[in-house]
Amino acid sequence: MSEHRLRKPKGFSLLVFALVCAWLGILLVIPLGSLVYTVVESRHEVVEVLIGAEARRALVLSALVAVACILCNGAFGIAGALVLVRQRFWLRRLLDALIDMPLALSPVMTGLAFLLVFGRSGVLRPALEGLGLDVAFAWPSVFIATLFVTLPFTLREVALVLEEIGDGEEQAAATLGASPWQTFWRVTLPNIQGGLIVGTTLTAARALGEFGAVLVVGGSIANRTQTATTFIHAAIEERQEPAAFGMALILAAAAVLLLLAMQMANPKGKRR
Amino acid sequence: MGIEVRNLVKRFGSLTVVDTMSFDVQPGELVALLGPSGGGKSTVLRIIAGLETADAGEVWLDGTRVDHLHARDRQVGFVFQHYALFRHMTVAENIGFGLSVRGVDKARQAETVERLLNVMGLRGLGERMPSQISGGQRQRVALARALAPTPKLLLLDEPFGAVDAKVREELRQWLRKMHDEVGATTIFVTHDQEEAFAIADRVMIIQSGRLEQHGSPLEILDSPATEFVARFVGDVNVLSGVVEGERARIGPIWAPLDAAQRAGLPDGQEVHVVVRAYDLKFWRDDAGVASVRRVMTVGDRVRIEANLHPLGSQAEGPAIFAQFPRRSSLLNGIEPGVRISIEVTHARAWPGKPGELAS
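Chains A and B, in that order, are what the protein sequence lines are.
Every letter in the first sequence is one number past the one before it in numbering that gives the first Met the number 0, and letter 150, counting from 1, is 149.
Every letter in the second sequence is one number past the one before it in numbering that gives the first Met the number 0, and letter 252, counting from 1, is 251.
Take these hints with a grain of salt, some might be off.
Unchecked claim - Derived lysine to any residue pairs resembling SDA-like cross-links, with alpha carbons at most 20 Å apart:
hint, chain 1, residue 1, chain 2, residue 2
1, B, Lys105, A, Arg185
2, B, Lys280, B, His345
3, B, Lys105, A, Trp184
No lab work stands behind these hints: they were computed from the structure.
Bear in mind the structure is a predicted one, so any value in this text is a computation, not a measurement.
Kindly generate the complete structure, drawing on both the sequences and the hints.
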């Protein structure tokens, strides 16, 4: 029956197939292809700019921030997902909704909000100055802003898996004499591995690609708060197209590598 | 391990799932908690295991109050309804888990796992993942896992609910055998009366969070304590009648009542009479009080449905059904449309008005 249904509209499914290919072509292949083409064409200039100190520093900052976000939001995501899914408490719904705020807020707004906290007249400014800490227009602000925008990813992915697998295995572990710590390491963590991989990938991709928030809060100061994305922005402003294209290609390659790594770690694309 | 449960109460929101329940289980007994779904059986089991906290009441295991103890410290084996096997561990790792978290050395773990694999008929499956074995095998892995740390109390929540009928029958026999060999006190939850009566030493009938009756299978079958138990256990007719002397009159037929029952039932008392399908005799009689509606063969028995319908009366009376073995001489000449006589050989009666029958 189902086979029959699948076979019947042959012309129609061909049409859909063609539409999907065209759509992917317009949205993905053509822009990425022209990027690659342009970079290859002007490869000498591109390489020259990219081995410069500014580009290197921007890349390193982006990478470090991404790794730090994966670690911090990974730990927070697991803990937060366990709290949200496994515990019932007052205000749980509110907390649940708050987690998604970073997805709904425009990054520029996020940047502005953090400026109000760390900036010249920010609420935390006196305390930070007293401690001798420079946050706004320094790398910590870039880190914190990226931390904010990548907050929900790991948590959501892990929560999804926790919801799906239920707490049966955790209860079984308890009746078998396992401590909460043993249960976490031996039962819960292996079970949420898939969600963790997907969440980590999304976090890394978002951290590397974040632009608005880090531009506002960090100011794209070369060698100090410039990330890969704000480097591109600055390069375009300064009409340094080869630098912009080169850095853009590096980011695109990083994205492809991330997706490949996720596929390999999680071959069936399953979340667990 | 002996269990004492005292005045247990559990509420979920405004719903009272367990309502002041008390009972004892003797060491070494195999007990079934039987009742309709949603009656609170599983909750009682989970409270004993420490997976759920009671709102009031006490649980004592071997003379020690355990209400404050975490599940991991109660040394109770628990078999979950849907197995809850660790999906990322092999069968052998699953079975060994309870030993490994307690720090038992590797050699002894391996030895126990091997022994349990053999006993459970899982030889050679140790390296498989739970997703690679059948439902019946998973159930046995769950049981082996619960037994590995040699608990003195084994609790099973609807253990055979998720396997097909044939495997279920096998596992039942097998649980009884296990119980007799291991000797751990065992409580299992079921909504299947056949299962409860087939293997349990004692059966507790639970309904709406209350313990209706606690006794041996025979006691519950032959002397149901409440109308609910009488109606719940077995295939029964529930008919409206009136007490007259030593009998209850149900329209044109009579049901005998024994002395113990008559004591609480004065003459003229309206009653609900509960009659098991096998406590009836039907035979063909053209001047009889009922007419046959349907005759169905169900496996090795025949079920006959009739309506009480005295000759000459226009109104059709209440339906009544009986079951006989297929070759029974009582079946001679019985077919749809014929008239029959009915004798009630055994019945129980509780005060009740005709209008409340449906409940």
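Each hint tested on the structure:
1. B/Lys105 - A/Arg185: holds, 17 Å
2. B/Lys280 - B/His345: Holds - the C-alpha atoms of B/His345 and B/Lys280 are around 10 Å apart, at most 20 Å.
3. B/Lys105 - A/Trp184: Status holds; Cα separation ~19 Å.
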